[in-house]
Each structure stands twice: as structure tokens, then as C-alpha cells.
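K.L.:
Here are the chains, one letter per residue:
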Amino acid sequence: MNLRKIDSEYILYTILIGGSTFLFFRSFSFDQKAHFLREGTVMPGYWPRLILIGIFILTMILLIIKIDKNKALKGETLNKEKTLSATGRFVSLVFLCFLYVSMMTYISFLVGTVVFTFLVLLLLNYRKPILLILYPLFMTTLIFLIFIKLLSMSLPRGVGIFYSFSKLFY
Amino acid sequence: MFEEIIMAFVQLFFEPTLIFMALFGTAVGVLLGSIPGLDSTVGCALGIPLTYAMSTNQAFIFLATMYIGAVYGGQIPAILFRIPGASEAVMTSLDGYPLTKKGKADIALGTGLFSSVIGSLFGVIVLVLIAIPLAKIALEFGPAEYFALAILGLTAVASLGGGSVIKGLISGLLGLLLATLGIDALSGISRFTFGSRMLMSGISFIPAVIGFFAVSEVYRQIYNNPDLSNFRISPSSSFHKKVSIRLPPSVELKRIAPIIAVGSLVGVCIGILPGTGATTAAIIGYSVAIRMSKHPEKFGTGIIDGVAACESANNAAVGGALVPLLTLGIPGSATTAVMLGAFMIHGLTPGPLFLINDRPLLFTIATGMILGSLLIIPIGALMTKSFLYISKASYPLLALGILIFSGVGARATGDYYGMYTMYILAVIGFFLEIYGFPVGPVVIGLILGPIAENSLRRALIITNGNWLPVISRPITAGLLILSLISLLFSIIQSYKFYKKRKSI
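So the protein sequences, as listed, match chains A and B.
Going left to right, the first sequence walks through residues 1469 to 1638 as my numbering numbers them.
Going left to right, the second sequence walks through residues 59 to 562 as my numbering numbers them.
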């Protein structure tokens, strides 16, 4: 039995139409704030409104084309099914990336990068033990040498014990 | 003039330190250009303190060749990994990376190198021969012309990759919208920040480019490929090739020769306009190539024409950007703005008197740039070999390298929220491409958005809000009409294709 699902493209178009409408009305507040500009000056909300009108109109056209196409396909299931594991892997990777950026400030760039690299390798089903240990160290060392030593870039040192550890290196 | 050029060449070849500076500058430039987050502007900023210890000739040869090397270097990771090493290589990745996926990375890199050398040499020749009259033409460009130029660049890329024109236009508009985030340059009002400190400074360009192109590509590969351990970017058949760079066949070279010629010309013309630079030159060069092509729908799918157009334009813009700097004292790009510092260190004043008081330096810089343009051949080949070796790695390792390098590169721009911006935009880019919205136009909108908006508003301030005097200026009208024609043409082609598919 084919289950009828809401085509996720409709959700995207709804977001675009709703978002552009919301931002369009929001843009008038910029003009109010810029009341000090002299008469005849183009207000800060002018250009965003032009863009948002364009997005709105074009998305409506896409929506009409989509509805037209769906009628032609006579209600067949339109979604391409992706396995749960692929979606789970993607979501996990995105989550790990944000966690890496957030935690770097506390646990330092050096420790954060080693841990992040290790976890992502595990997530991608990479199981070679030597590489699981060596690659994170290699990647962190490479970044350290190029960006910190060569280019004198400042990367987070972390707090507490992580700060003390980072100070050993830079 | 020819005696001066010959004297400059003689001086270059009989003074080994100048040759060394050209080699050093080019090598450093290529290396910097190939690392995401670093580019010619950063290179010049880092290099200027080094020039204290150099003579005037050494200093400017070093900086100019570093500029050339960095503009070239960005194409290597752009073609191989879809990570533009420098902003100038954003457009190169649109066709370069699909070529790599087809197993033609060597041809893409060879085309890019060849086009870069030709474009760079052309830019230098123009700098030497017609700097002054070109600078006068540049002064004719006002805000209205800049606005029209930005629209020209935006409209051409709407149909990139053979996809839906409407989706391409929406992507471009999204890029323009993203460019409005933050503090408005003309009024100081914050727009669409919703009280967020992160959005207050707007969307930084480098994190956006890396996020949309490189990181979202990693997300996509991981999402689409269940077995990653055996996955490679290029087909495995390409691994047996021993060469890292290969020129296209002579038939293909002849075919793309006009594209390279026009790209170089466009690059110089855009480069001489103050405030534009090699990135804008690459966009406009690409858009002109699309218009020239008999098969514009193939751009973005992996053709050497796209690579040739961008690389000839962005490298020619280097010579072009030096024209207003040397003749008028006005920087033609961000990098030349930094180079102004070097002039001050060495007690020189670029401008109208420069060609009278310090004329020999112009020819010394030019000969150094010619040498630098030729040196990118061996240096580029060496650098490419290293990168190609990396591209053969197992994908999980490569993906991690991309994620980390991209993140640190985003941080290297000095934007504290750069990494957050990058990862957020990567997720947005991922979903956009899933639904058939190309990310190329988003990035182009982000680049050209500030130029388009600020120019339009300045033009409308001058005319008291009246559009007619703005769009009726000759150059502006010509550029806008060209944009409209190409857009209508794309839409009509797209509509015909839609009707044909519907009738089947």
C-alpha cells in the first residue's frame, strides 16, 4: 500500500512564502527607525522589500507549477525515501559540528578537534583502530602547525585544565 | 617606453634577488590562495611588514607576484574539493568540481592554469601599455553603472547547471537577502538581526562560501552514500593517471580561445573599476561566457569553458586592479588597498605623479608580474600534485579534513561567529540543493548584493529617488538591457522545455 505523504517541497515553498511575507512587513520597521534620513533618501527597507517581493512571486509560480505537475502524476507517492540511517547519520554529523564549535571555547581547540575527529570517524563507520587514534592527532597537529604556528592565529585555549594543557603548546 | 621595458627586464635578470622575490612571492601566494580562509588580501597584509627589510623593487615584486599566485591558487581546492581557496575561485568551482567528479580533474586544472597564465599576462600588458586612458574610463563609472554591472552578473547565473531558471533566480534573491543582514551601510540601522549579536555584523563572505560549497557537499555525500569507506570524489579510473595537470586537446583549446580572450578583457575592465576586484571579475567573466556560448545550459554541469572564463578573468583583474592604484591612487580591489601600505612604507605616493616621478618602478613591477605569471606553471603543478594525492584518500578522512580546515578557515577571517555561520549555511545549502535550488547564485547574490544595493541607493540619492535618470544613463541602460534580454531568453527556453515535458 502506498501511503500518501505531504510532499516536502510544499513545506519549503510554504516557508519561503511565509518567510518572505513576514520579513516584508518587518522591513517597514527599518524605515521607521531611519526617520532621521532626509526627504528623498532611499530607506533601508526599500531594497529588502524589492527582493522579498521577487521571492514571493517566484515561489508562487513554482508552487503553481508544482501543483500542475502533481495533478499530472495523479497523486502517486512523490517522496524519494531515504533510509533512516542516512538521515540519522546526517543529523548526527550536523549535531557534532555544532557541538564542536560550541565546546571548543571550553575544552580548547586542541582537545576539541581530536575528540571531534574521533567521533566523526566512528559515525562514518570507520573502524581501523590505528587510524582512529592517529588521524585525529595528525589532523590536529597539521592545523596547529599551519594556523597557530605559521600564521599566528589565535584559537580557543579552553578553560581550567584545558587552558593549562593548551598553554603547553601555544 | 620600449627601452624602459627592456631595461626593466635586464635589471630583473641581472639582479638575482628580484628573481628570488618573484619566486618566493608566487609560491607564498599559491599556498595562501589554496588554503580556505586565506587569500591575497591576507597575504599582502602579512607580507607588508616583511617588506621593511626589502628594497622598493623587491617589495613590490614580492607583493604583486603574491597577488597573482593567490588568485591562481584558489582554483586548486575549488576544482578538486569544491572548496574555493580564495573568493576569486568561487565561480571556478561551479564547473571545476563537476569536471573532477567526471574524472577530468587534470583537464580542469590544466585549463585553469593555462587560462590563469594568459589572463595574468594580458592584465600586465594592459597595465603597461594603456594604464592612463583606462583609468579615465574607470572614472566614468558611477553608482548607476555599478548597479547595472551587479544586475548583469546576477541574471546570467540564474540558469546555472541546467536547472530551473526560477529556482536559480530565487537562489540569487536569497543571496541578495542574506547580504542585507546586519548593519545598513548608509543609515546605520540594523536589519533582520532580531537582536542577535551574531547577525549584527552580517554574513561574512568566506564562511558563507565555505559553508555553501564545501561543507554542504560533505553533508550531501554522507547523506547519499551508504558505504563511504570505498567512496572517492573522482571515479577510480582517474587514479591511474600519472599526470596531475593536462591541457585540453588542441581542438578544445582553439574552441575556448575566444572565451579566454574575452574573459581576460572583461577581467581587466572590471579590475580597473575601484572597489570591485578579481571576485567580481570572475563572476562577470563567467556571465559573459554564458551569454557567448551556444550551449549556455551546459554551464555548471562540468565544462572547461566555465573554468577558462573565470580563471582568465580573475587573473587579468590583478593587472587591472593595479591601474587605478598606480595612476589615480585609488585601490582597484581589497588587496591593492592593502598594498597602499607598502607604498607608504617606501615613501612613494601612487597617483597621477607616480608615472612621472617613479616611472621605472611601474616597469619593474610589470616584469616581475610577467615572471610571476610564468612561475605559476611549475609551482602550480607541484601544488596540484600534493592536492591530487589528498583527493585519492578515503572519503571519511577527506571529509573530516574538509570539515576541520573549513571551520578553522572560517575562523581565520577574524569573524568570531564565522564557524557558526559556516555550519548553519551549510545546512541551508544542503536543503536548497536537495530541492533543486543551486547554491552558486546564492553566493553570487551575497557578493554582488552590497554592490547592487549601495550603488542603487547612492544613484537614487543623487536623483532624489527618481529611477528614470538612473536607468537612462547610456552605459547603465546598455547593461540593463543586456541583462533583461539574457534573462528573458533563459526563461523562454525553460518554459519551452517545461511545455515539451508536459506534452510527453
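Worth double-checking, as some hints may not be accurate.
[Unchecked claim] The calculated SDA-like cross-link candidates involving lysine to any residue, where the alpha carbons are at most 20 Å apart (straight line), are: (1) B:K554 with A:I1535; (2) A:K1617 with B:S254; (3) B:K557 with A:I1533; (4) A:K1501 with B:T251; (5) A:K1501 with B:S259; (6) A:K1501 with B:G459; (7) B:K557 with A:K1617; (8) A:K1501 with B:K194; (9) A:K1534 with B:Y553; (10) B:K443 with B:R417; (11) A:K1534 with A:K1501; (12) B:K194 with B:K443.
Because the hints were derived from the structure by calculation, they are not lab data.
K.L.:
Next step is simple, just say for each hint if it's right about the structure.
P.N.:
Taking the hints in turn, this is what the structure says about them:
1. B:K554 with A:I1535: Holds, at roughly 18 Å.
2. A:K1617 with B:S254: 33 Å, violated
3. B:K557 with A:I1533: 11 Å, holds
4. A:K1501 with B:T251: Distance ~14 Å between A:K1501 and B:T251 Cα, so the pair holds.
5. A:K1501 with B:S259: 18 Å, holds
6. A:K1501 with B:G459: 45 Å, violated
7. B:K557 with A:K1617: 60 Å, violated
8. A:K1501 with B:K194: Answer violated: A:K1501 to B:K194 is near 40 Å, above 20 Å.
9. A:K1534 with B:Y553: Since the Cα atoms of A:K1534 and B:Y553 sit roughly 14 Å apart, the hinted pair holds (cutoff 20 Å).
10. B:K443 with B:R417: 40 Å, violated
11. A:K1534 with A:K1501: 39 Å, violated
12. B:K194 with B:K443: 43 Å, violated
Figure legend: structure checked against the earlier numbered hints; hints not met, in rising order: 2, 6, 7, 8, 10, 11, 12.
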